[in-house]
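Using the hints provided, position chain B relative to the given structure of chain A.
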Amino acid sequence: MLAALSLLGVPPAHADETTPKEPPKVELVLDISGSMRARDIEGHSRISVLQQSFNDVLDALPSEAQVGIRVLGATYPGNSKAVGCKDTQQLVPIGPIDKLEAKTAVATLRPTGFTPVGLALRAAARDLGTGETTRRIVLITDGEDTCAPPDPCEVARELAAQGTHLVVDTLGLTLNDKVRRQLTCIASATGGTYTAVTSKTQLTNRINQLVDRAATTYTQTPAQVDGTDNCTGAPLLSPGAYTDREQLQEHRWYRVPVRDGQELRASVSVSLDRALNRDYGVLLRAVSQDGRELVRGTDAGSDRTDVLSTGLRWSAEQDAPDQTVCLVVSNSFSSPTATTAATPGMPLELIVGVVDSSPAPNGPDLGRGWGLLGLLALAGLVGGLLFGWLARWRVSIWRAN
Amino acid sequence: MRTTSVRRCAGALSAAAAALLLSAGPAAADTASPSPSPSESLAPVTTAGSSFLTATAVQPEQPVQLAGSTGDYLYWSFTAEAGQTDKIAITVTLPPTASRHGASNWAVDVFDGLRRRQACTAGAQTPTAAAGAASVTLGCTLRQVRAWAEPWSGDPLPGTYYVRLAVTGLPEQDLGLPMQVAMRITAHDSDDIQPEGGELKAPLTQPVSAGAVLTSAPPVAVEEEKDSGWNWDWLPDLSARWAWTAIGGAIAAVTGVGGYSLTRHPRRRMSNPDGFNRPSSTTRQEHPVNIT
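Residue numbers (my numbering), protein chains in the order written: chain A, 1 to 401; chain B, 1 to 292.
Read the hints as simulated data drawn from the structure, not as lab findings. Here the structure is a predicted model, which means the values were calculated and not measured. By construction, the Cβ of each residue, glycine as well, lies at the ideal position given by its N, Cα and C atoms. Watch out, some of these pointers could steer you wrong.
Counterexamples of contact, computed for chain A against chain B with all Cβ distances above 10 Å [claimed, not checked]:
#1 Asp40
#2 Thr75
#3 Gln89
#4 Leu100
#5 Thr104
#6 Glu132
#7 Thr195
#8 Glu250
#9 Val268
#10 Asn362
#11 Gly383
Under the rule of at most 20 Å between Cα atoms (straight-line distance), these lysine to aspartate or glutamate pairs were calculated in the DMTMM-like manner [to be verified]:
#12 Lys81/A with Asp151/A
#13 Lys86/A with Asp151/A
#14 Lys178/A with Glu172/B
#15 Lys178/A with Asp151/A
#16 Lys103/A with Asp56/A
#17 Lys87/B with Glu250/A
#18 Lys99/A with Asp56/A
#19 Lys201/B with Asp151/A
#20 Lys201/B with Glu172/B
#21 Lys201/B with Glu154/A
#22 Lys178/A with Asp212/A
#23 Lys201/B with Glu317/A
#24 Lys201/B with Asp56/A
Chain A with its partners taken away, still in its complex shape (with noise of 0.2 Å):
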């Protein structure tokens, strides 16, 4: 049983070995815009920093890894910024990498234009194309879009809404307070992470952990859904892990079938990709078809948090019929500006499971059912033999003596 829990229990990283899987994909995004030529890491200059820390990145790179290389502001050195707003170009396709091929691109390269982000997220999205496994893009830069519109943090929203997986980490090479408020907002829309690099091994370190992060968690994406309005015509879920969108104060409905005999198990987490009020509560709760409400699980706060999250168990009693029970979430957001709150929907996580119920355990045994007679009856004879075999046995010595 123990070894059994223990297979079980651990997260199934590799719980669907049998789905041919597509390799890991990562995109880096690299700024050569002639902000990079500022000497303010440990002396050195932002590009040599990239290019070095990149050396050693490919070294440590795993043979299996699909990753590319995209530069922006890397070419066009005038001033007209319809042109150089335009600047971004892939240098190493997606694919097996070739490091030395790789390497000598980038250390060839001279930082030269503007800062088109957005743009460079969108390209790079298109680069890694869609499919049923996560992508990553490591966006690196040194300064804030110089090209505005489109914000890149729209952007970053935008695709992250399209249902490709698409997640999008960030470092800055600049500790300046507008660079590091873009590429937080990139990376919260999208669920990745913010860096602010402020050496050369940092950059190093962390330009590989996203990369074996990328490598070993990308096959774990959940299937899209659109919930309803209503319980009527909600989506019907079999188990397993599920993705929405749920815009502030939204409903949204799911159906699950559950027989008799079995438990319903939910999940849910919302996350918060935008700047929010500063309380906020989701809440999950199953219906039953007639409009009943059977159990709710619920979580608020008020910190600085990337998800919310709420589960709640369910089963029928004991010989009901076979029903279908509605799940709804909803929740308790609600944004500073008019601008945040429209669509897309905050990202929403839904994991349904069905297993067999759990009935409440007997009370103690002791005192009743013919069991306990029984065995009672059989101590007793035992007892009543030994009592009665040294009765006679010291009798038998008595009568000796």
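Same frame as chain A, but now just chain B:
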């Protein structure tokens, strides 16, 4: 108090009974499970997930050591069994003081397999690191995992647990700075599993693979004919209650015989129990036993 001592006795008795009666039984299987023995063999974990689905699995006593950025949300998961009490200890080495702008609030949140927040019974779950502090220590001791709970309760149950470490409040300029995280989970096992006889049919572990939207409710499989053969299901599980009952029965036999002898005539009571004729002395009659 009384129930505790009774339970302790029961535990001791059950252990003895299990050892004596059945050297290989379910109870033996439960107690003799060697939890993958302390530490050295476990390789340190140097990664953390960034969400529930991607949480890095760790084992109790396995050291976790990694570099991260302040502002990261770090997720780990571990498995707990019934009777286990888990303790999480985290030390975060903060970025250099020179690059920080003020105090920061940290939090370790623990969720069960259904992503429901679990309470900590002890430990600094949400400490504040002062502006000049070099490191901050977090801790969380969970409740003892129960063997069974009603679906409507939030009690800790066997299955997956998620640990999330995050900074919950800090000056905005301090985001993304390098930090070091060290974590260790220690598990304390206990035989005193509550509720006794309770069993969760499937551990609280949610699927991570993508689900499929159904077009119609799947057809109900035809109920298989129940096996009418002889089985031992009606027997209660092996537990301390068996020892108590058996000893109770023996005591009942002894007291029964004692009671039986008390009902005999005082003159014949002291004579041989098998009725062997022996002249009774007068001295014995000076100490009659009260019969009421």
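Here is what the structure says about each hint:
no.	hint	in the structure
1	Asp40	holds (13 Å)
2	Thr75	holds (29 Å)
3	Gln89	holds (27 Å)
4	Leu100	holds (28 Å)
5	Thr104	holds (29 Å)
6	Glu132	violated (7 Å)
7	Thr195	violated (4 Å)
8	Glu250	holds (19 Å)
9	Val268	violated (8 Å)
10	Asn362	violated (6 Å)
11	Gly383	violated (3 Å)
12	Lys81/A with Asp151/A	holds (15 Å)
13	Lys86/A with Asp151/A	holds (14 Å)
14	Lys178/A with Glu172/B	holds (11 Å)
15	Lys178/A with Asp151/A	holds (13 Å)
16	Lys103/A with Asp56/A	holds (10 Å)
17	Lys87/B with Glu250/A	violated (38 Å)
18	Lys99/A with Asp56/A	holds (11 Å)
19	Lys201/B with Asp151/A	violated (51 Å)
20	Lys201/B with Glu172/B	violated (47 Å)
21	Lys201/B with Glu154/A	violated (46 Å)
22	Lys178/A with Asp212/A	violated (29 Å)
23	Lys201/B with Glu317/A	holds (16 Å)
24	Lys201/B with Asp56/A	violated (49 Å)
Checked against the numbered hints above, the structure violates hints 6, 7, 9, 10, 11, 17, 19, 20, 21, 22 and 24; every other hint is satisfied.
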